[in-house]
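Trainee: Read top to bottom, the protein sequences are chains A and B. Per the numbering used here, the very first residue in the first sequence carries number 7; after that it's consecutive. Per the numbering used here, the very first residue in the second sequence carries number 7; after that it's consecutive.
If you're looking for bench data, these hints aren't it; they were derived computationally from the structure. Just to be clear, a hint being listed does not mean it is correct.
Stated by the list, open to error - Rough simulated footprint, nothing fancy, chain B against chain A, three-plus residues with beta-carbon under 8 Å:
1) 52 to 66
2) 71 to 77
3) 84 to 98
To be verified - Calculated pairs, DMTMM-like style, for lysine to aspartate or glutamate (alpha carbon to alpha carbon, straight line, at most 20 Å):
4) B:K62 <-> A:E101
5) A:K62 <-> A:E117
6) A:K62 <-> A:E39
7) A:K62 <-> B:D131
8) A:K155 <-> B:E101
9) A:K155 <-> A:E117
10) A:K155 <-> A:E48
11) B:K155 <-> A:E101
12) A:K155 <-> A:D122
13) B:K22 <-> B:E101
14) B:K155 <-> B:E117
15) A:K62 <-> A:D38
What you are looking at is a predicted structure, and each value in this text was computed from that prediction instead of being measured. Virtual Cβ for every residue (Gly too), placed ideally from N, Cα, C.
2 protein chains.
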Amino acid sequence: MAGTMAEPARDVLYLKDLYVGRHFTSGTHALDEQQITAFAHEFDPQPFHIDREAAKGTLFRGLVASVWYTAAITMLLQVESGLPIAGGIVGLGGELAWPTATRPGDVLHVESEVTDVVPSRSRPDRGTVTVRSETRNQRDEVVQRTTVKLLVPRRSTTDGMQAG
Amino acid sequence: MAGTMAEPARDVLYLKDLYVGRHFTSGTHALDEQQITAFAHEFDPQPFHIDREAAKGTLFRGLVASVWYTAAITMLLQVESGLPIAGGIVGLGGELAWPTATRPGDVLHVESEVTDVVPSRSRPDRGTVTVRSETRNQRDEVVQRTTVKLLVPRRSTTDGMQAG
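Turn these sequences into a full structure, and let the hints guide you.
Mentor: Written out as structure tokens, the structure reads:
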């Protein structure tokens, strides 16, 4: 997904650019059964994630993606088109919920909103920004709800924040 | 990792088997740079996850794994050797924190403890179990702290829980 000619360069954002209520919408990502089962074979090898026939007899009544695949695709969308934060998206932790299962054929995108901005007292070059996101499918159902704290640099330096 | 001869079959656990304070320890998983960068290229393509040289100039002072890779390996350890729950590990949501970065050469394992067990009032065949886990590296540093709610079947049926 590296830059195509049609894709405009995005400005990266610093702490001063992020205010409560600022909203971001990512691009989309379409899921197919092969992607879902390949991830599950590697990281979450349970019948409802790897075997279409076996999955029919489970709680899910069919093949569903690992929630960690939904989380990984959400991250991909945020990195590529969702949150253009200077120095990258550095998550410290947060809350996750998966109200609806993700299935083959789903087309996901992420809607995000800044809900808190706190400059660091001890480190003048950075702050913490809380972002609430919803990963939605093509029916606008929420497949993942995330509230995460991110480390954001205060101003431009060559590498975003000073190491250490 | 499907059953080798040396690997004893594990009993699967139902709601009645899970009580507050019950503890589980997973096997281990060793990480190398290739695994870390392969995951990041696919899901979290940021310099500090994909490029050893570029990573030196960042906050992390070197290559670190995507936190979603740490989460995925934690899930793998739970599925393979951590939490033998009947019907599989079905997560509803929870909290995550990543207090220490995961780096090439780290050997991870997961320590888990049941912190709450709530039979469902409306669905007599299931309940919700809260599990607090720490994913630790070879120096016993916590790289991921997780509190997650899991759906657990109350008793044996052919497929764990009734669909729907």
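Trainee: Between K155 of chain A and E117 of chain A, is the straight-line Cα distance small enough, at 20 Å or below?
Mentor: Holds. K155 of chain A to E117 of chain A sits at ~16 Å (cutoff 20 Å).
Trainee: Please verify whether K155 of chain A and D122 of chain A have alpha carbons no more than 20 Å apart.
Mentor: Holds - the C-alpha atoms of D122 of chain A and K155 of chain A are around 9 Å apart, at most 20 Å.
Trainee: Assess, step by step, whether the Cα of K155 of chain B is no farther than 20 Å from the Cα of E101 of chain A, and give holds or violated.
Mentor: holds (12 Å)
Trainee: Decide if the proposed pair is consistent with the structure: K22 of chain B and E101 of chain B, CA atoms, cutoff 20 Å inclusive.
Mentor: Judged against 20 Å, a Cα distance of about 25 Å means the pair is violated.
Trainee: Take the C-alpha atoms of K155 of chain A and E101 of chain B, compute the straight-line distance between them, and say whether it is at most 20 Å.
Mentor: holds (12 Å)
Trainee: Mind taking a look at whether chain B covers the region 84 to 98 of chain A? Criterion is 3 or more residues with CB to CB distance under 8 Å.
Mentor: Contact hint for the region 84 to 98 of chain A vs chain B: holds, 8 residues under 8 Å.
Trainee: Given as covered by chain B, does the region 52 to 66 of chain A meet the bar of three residues or more with CB within less than 8 Å?
Mentor: holds (count 7)
Trainee: Would you mind confirming whether the straight-line C-alpha gap from K62 of chain A to E117 of chain A stays at or under 20 Å?
Mentor: violated (31 Å)
Trainee: So is the region 71 to 77 of chain A in contact with chain B by the C-beta rule, three or more residues under 8 Å, or is the coverage claim wrong?
Mentor: The restraint on the region 71 to 77 of chain A holds, since 4 of its residues have a Cβ under 8 Å from chain B and three suffice.
Trainee: Would you mind confirming whether the straight-line C-alpha gap from K155 of chain B to E117 of chain B stays at or under 20 Å?
Mentor: holds (16 Å)
Trainee: Verify the proposed pairing of K155 of chain A with E48 of chain A, using a straight-line Cα cut of 20 Å.
Mentor: Answer violated: K155 of chain A to E48 of chain A is near 28 Å, above 20 Å.
Trainee: Within 20 Å, alpha carbon to alpha carbon, are K62 of chain A and D131 of chain B?
Mentor: Distance of about 18 Å is within 20 Å: holds.
In summary, the numbered hints that this structure violates are 4, 5, 10, 13.
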